[in-house]
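Asks: As a plain string of letters, each chain reads:
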Amino acid sequence: MTGEDPNAPKWEHRSEFKIHSQMRSIVKLTIEAAENELAATRRKLEKLTYGG
Amino acid sequence: MSSKLKADLTLLEESAASAPLSGSATVGATLTLLPGTAPSLSGTAALTADLDVAYKISASIPGPEHDISCDMEAGADLSATLTDAAAASSVAIISPPTPGSPAAAAGTGPSTPGQWKSFQIKIPGKDVLSSVRNALETLLVFLEIVKAILETIKVFLVDFGNPIKALVEAVLRLLNQLFELLKRTGLYAYYDVPDLPADPEMWAFQGGYAAFVNRFKGSVLDTRDPNRPQPVSGATKSGFILFVVDAGNSVQLLALMKQLLRFFGKDFIAPQYAAPANFKVLPIGDKQDPILAVAKVFASQPKAVALEWSATTSMQPRDPGFTDLVTRLGTELYPPKFLIERSEVPVNQELASTDVNTLGKAGTVFHTYDSDFELRGKPGRRIKRKVKMTDEYGDPFIKFQTYAVVSLTDTPTAFFLGQLGKFRFIDTNVEFGKTYFYRVRAFSGDLVVDTKGQIPFVLPGTKPSDKDKVSNTFLIRWPGKDPKFPPTMGRASQTARIHLTKIPPNFDVVEDLRRLFQTAFSLNFHLQPGPEDKFDADGNPVGATLKSAVGKGSLSRQASQLAAFVGVPLIGKGVSEVGAPGEEKNDYAADPITGKLPELPWQKGRVRRQSARLASTVASAFLENGSAVIEQFRAIMQTAPLPKGTVSVTGLTGADTIEKIVLKLTEVTDNEAVGATAAQAAATLYGDVYADVAFRKNILHAIQFVTSFTLGGTPPDWVKIAILRDVIPWSGQFLYDMMAKIQALVDAFKGTTEEIKDFIALLVRKIDAMERFIEYLISMLDYIEGLAIGAYVLAVPGTGGGVQDWFNLIDTAGGTKPSSGPNGYSGGVALAYVYPNVSPLGDAIKAAWEAIF
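Sequence lines, in order, name chains L and E. Per our numbering: the first sequence = residues 152 to 203. Per our numbering: the second sequence = residues -10 to 842.
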C-alpha cells in the first residue's frame, strides 16, 4: 500500500523469534507426554500399595 | 515474504444459519463475529477444514487502507485465504505503528568499528548432542512431522521408554547439526557494545541510530579487521540481519543490551558491587571518634554509633571474548550510593514473605508457594512448599526494619569519604538499653525509600510460574522509581551488632573493678583454703580456722601468674595470722640495703596487671549484657551500709560502702612519693584488714557477684548419666536381648517383603525422576519466555551484491526504524554470512536463517 517493493527488507520491532515458538511447542508436547506417563506410574503404585 | 496477520475479522454474512465453527489456532489472528449470528470466539481462533458452510470475511486492520475482504469456500483454510487476500492487496501487517520521528541527521560522533567474530547460538538447557543426520532443507518440514507425531502419542499411554526419547533426540540432533554448520562456516557476528574502559562516557554510542549505522558501515569497510565479511557483487551470496537496541540514555541502553545479549548466551551474572569490607559498628563519644577501649566507654557516655566500612574495588577479570559491561559501569562510571540496613530485632528469625512490607518486621524471608505437584490421593490440592527467598546474587534475603540511603550528594554532612576509601555513617537515632543490627551495601540507580525508611519490596506470586526465569527461584525485587529500570544492588556486608549500655553517672566501673581485684589478691583470695577450714552459715570462721581464711579460694581460677603470690602483712593485727607464734614481725621498715620501703601487695606490678586484665574482661561482659547488670554491680559497691557488717578498723572510719573501703585500702600506690609515715599507715591498715572478718566478707560478697556473673564461679556441674545402663545395669542387658530377638524376627520376614518393597521403591524412584524431569522441562519453558527481547530487527536474507549494496539496503529500508535521534544511544548485534555464488550452503543458511529468526 505504500508503493514499496514488498520484498524489500524492512525494519521490524520484535520481541521473539521463530526459534522461540518452535522450542516452546516441542517442550510443551514433551511435558504433556511425560505427565501422562507419570499419571500411569502413580496409578500402578497405588494399586501395589493399597491393593484393589 | 511471510506475514503475521493481526486483524479483527468481521463476519458479514453466512450462507447457512447457525453453523457451528470449530478449529485450531493460528498465530496472530483474532476472530470477532457479529453478535447474534454465530457463537463468538474469544482469544485466537481460525477456521479449518471441517467447515461445512461458506463465509464472507472482512479483515479490518488499523489504517483505512488496509481493509480486505474475501469469500471463503466451505472447507477452506481461513489462514490460507487471508494470506492470499493479504498478498493480493499487498498488505504488510507486522506490528502496530510506533510514533515515528524524523530521521536523525547524518552521523555525529566518532565511528568506532565493532569487532567481527564467530559466534555460537546457545540452546537452552543441556546439550544432548550426537552425530549429524539430516539435510538442512528438511528441518522445518521435519519439525512439523515431529509435532504431529507427538500430538498423536500424547493421547495414548505408552511406556516412556523409546518413542518420545528418540523423537526428541532426533529433533535436537537436527538443531545441533544446523548450529554446528553455522559455527564452522562463513558466519560472522558483530557486537556493537560499549567498551567502557576505553570509552567510559560512551561517546561512541551517542548519536542514536544514525551513529550505529555509521559504525556498522565503518566496520565492514575497516581494512584492519581481518574477520569482517567481504561480499563481492556478482561473486558471492550474502545476507545479514541487524539487531539494534535504541534508548534515550546510556543506562537504558545497557538494560536493553543486557536483554538482547542474553539471547546470544551472554548473560551478566556476576555481582556488580562486591560486599563492603571491614564493616564495623562502634560507639562514639562527643568528639565523634570511635571508642575502642572499654575503659573509655565507661568514662564518657556514648550517644551515637558510627558505622565504618571500606569499598572493594571491582576484581572482575576481563572476559576474553567480551567485555563485562555492567560491572565496569557500576564501579567506574556511576559512583555507588550506600544503603544502610538497620533493625532493633534479631534478623536470624523467620519472616513470612507476606509480612515483608509490614512496618517494624525483620528477619530471613521465607516464601510459601503452591508446587506443581498435588497431594497423593487428593487431586486438586497442591503441595505447599516453603523456600528461602534469595536476592539476585543467590544470597538469602534478609529484611531489616529500616533503611537509609547515604550518598555523597544527598547527605554530605553524614557521609564523608575517607582518604583511603573508608566510609563512615553516624547514626544518632539510637537509644540506651537497645541492641541494634546493621548491614550495608553499595547500589546505584533510583531505589525507592520512603520517609519512614521503608522500602516497598516487589514480591513474586505463589505459583511456580512466578519464579524468576533465569535463576529459577523466587526473587524479591528492589523497587526502582521507574519499574523498567530497577536499581543495581550490591552484595551486603556482614551483619554487625551493637548494644548501647547506659552507664550510671558517678560510678567508674572499670576503676572499681580494678581496685576490688587488687584488694582481693592482696587478701590472698586466689590461694586455696586449708583442708580443715570451716565456716558457719554466715561465713564466719569457726574453731581453729584463721580469720584470714575468709575469702580464700574465690579467685583461685583467676590467679594466672599470681598462683604463687602471697600477700603478707608486716605490721598490724594481721601479723598474728601469719608465721609461727612468737615470731611476729610487727615491723615495717625500709630495706637496709636498698633503702626502699617494702611494697604492699597491690603495689606490685604482677598484681596490678592481673587486676587490670580482669577488670577489662568483666567490664566488657557488663557492656554486652546491659545496664541492668551494671546497676546491680553499682548497687553492691555503692550502697551503704556495708552488706556484710560494719568494718571497725582504724583508718576506715566512716567508710560505709565497699567502694569506699576498697579505694581507701589501695590508695597509696607509691611509698616513696607519700613518705614513710603515710606508707606505714597504709601498711598498718593492710595488716588490720587482713585479719578483719567483716572486711573480708564484704570483699568476698562483691567478688562472688563478679565471678558468678562472668568468670565461671558456679557450683559443680551436673554430669550426664545414662540411667538404664549405668544405674540399673541389668535392664540394659534385657534391652539388648530383646533387640536381638526382634532383629532375628525381622530377618526371617525379610526375604518376601523385601522384593515387594523393592519394586515399590523402584516405582517411587521412577515417579521422582519423572517429576524432576517435568520440573526441568518447565524451567526450559520459563527460560525460553525469559529470552524475550525488545529490539529492532532488519533481516536481509539474501543478496548477490557487494558492500555498497548492503549499505543501500540499510539506507533504503523502511518499516519501523530505531527512532533515537542525535541525543539517543544505540547499540546492537549483527549476524552476516558470505558464500561463493555456487555454494548450496548459501541457500541452506538462508533457509536456516528464516527458520530461526
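Rather than coming from a laboratory, the hints here were simulated on the basis of the structure. Worth double-checking, as some hints may not be accurate.
What the hints assert, rightly or not - Once the Cα atoms are required to be at most 30 Å apart in a straight line, the calculated DSS-like pairs of lysine-lysine come out as:
| # | chain 1 | residue 1 | chain 2 | residue 2 |
| --- | --- | --- | --- | --- |
| 1 | L | K161 | E | K452 |
| 2 | E | K373 | L | K198 |
| 3 | E | K755 | L | K195 |
| 4 | L | K179 | E | K452 |
| 5 | E | K367 | L | K179 |
| 6 | L | K169 | E | K452 |
| 7 | L | K198 | E | K423 |
| 8 | E | K367 | L | K198 |
| 9 | L | K179 | E | K373 |
| 10 | L | K179 | E | K835 |
| 11 | E | K649 | L | K195 |
| 12 | L | K169 | E | K835 |
| 13 | L | K179 | E | K456 |
| 14 | L | K195 | E | K206 |
| 15 | E | K377 | L | K195 |
| 16 | L | K161 | E | K377 |
| 17 | E | K269 | L | K198 |
| 18 | L | K179 | E | K206 |
| 19 | E | K456 | L | K169 |
| 20 | E | K746 | L | K179 |
| 21 | E | K649 | E | K541 |
| 22 | E | K441 | E | K423 |
| 23 | L | K179 | E | K375 |
Note that the structure is a prediction, hence the values are computed from the model and not measured.
Asks: For every hint, state whether the structure bears it out.
Replies: Results of checking the hints against the structure:
{"no.": "1", "hint": "L:K161 / E:K452", "in the structure": "40 Å, violated"}
{"no.": "2", "hint": "E:K373 / L:K198", "in the structure": "26 Å, holds"}
{"no.": "3", "hint": "E:K755 / L:K195", "in the structure": "11 Å, holds"}
{"no.": "4", "hint": "L:K179 / E:K452", "in the structure": "18 Å, holds"}
{"no.": "5", "hint": "E:K367 / L:K179", "in the structure": "25 Å, holds"}
{"no.": "6", "hint": "L:K169 / E:K452", "in the structure": "27 Å, holds"}
{"no.": "7", "hint": "L:K198 / E:K423", "in the structure": "61 Å, violated"}
{"no.": "8", "hint": "E:K367 / L:K198", "in the structure": "16 Å, holds"}
{"no.": "9", "hint": "L:K179 / E:K373", "in the structure": "24 Å, holds"}
{"no.": "10", "hint": "L:K179 / E:K835", "in the structure": "28 Å, holds"}
{"no.": "11", "hint": "E:K649 / L:K195", "in the structure": "87 Å, violated"}
{"no.": "12", "hint": "L:K169 / E:K835", "in the structure": "14 Å, holds"}
{"no.": "13", "hint": "L:K179 / E:K456", "in the structure": "18 Å, holds"}
{"no.": "14", "hint": "L:K195 / E:K206", "in the structure": "65 Å, violated"}
{"no.": "15", "hint": "E:K377 / L:K195", "in the structure": "35 Å, violated"}
{"no.": "16", "hint": "L:K161 / E:K377", "in the structure": "48 Å, violated"}
{"no.": "17", "hint": "E:K269 / L:K198", "in the structure": "62 Å, violated"}
{"no.": "18", "hint": "L:K179 / E:K206", "in the structure": "42 Å, violated"}
{"no.": "19", "hint": "E:K456 / L:K169", "in the structure": "24 Å, holds"}
{"no.": "20", "hint": "E:K746 / L:K179", "in the structure": "34 Å, violated"}
{"no.": "21", "hint": "E:K649 / E:K541", "in the structure": "22 Å, holds"}
{"no.": "22", "hint": "E:K441 / E:K423", "in the structure": "20 Å, holds"}
{"no.": "23", "hint": "L:K179 / E:K375", "in the structure": "27 Å, holds"}
Consistency with the previously given hints fails for numbers 1, 7, 11, 14, 15, 16, 17, 18, 20, ordered from lowest to highest.
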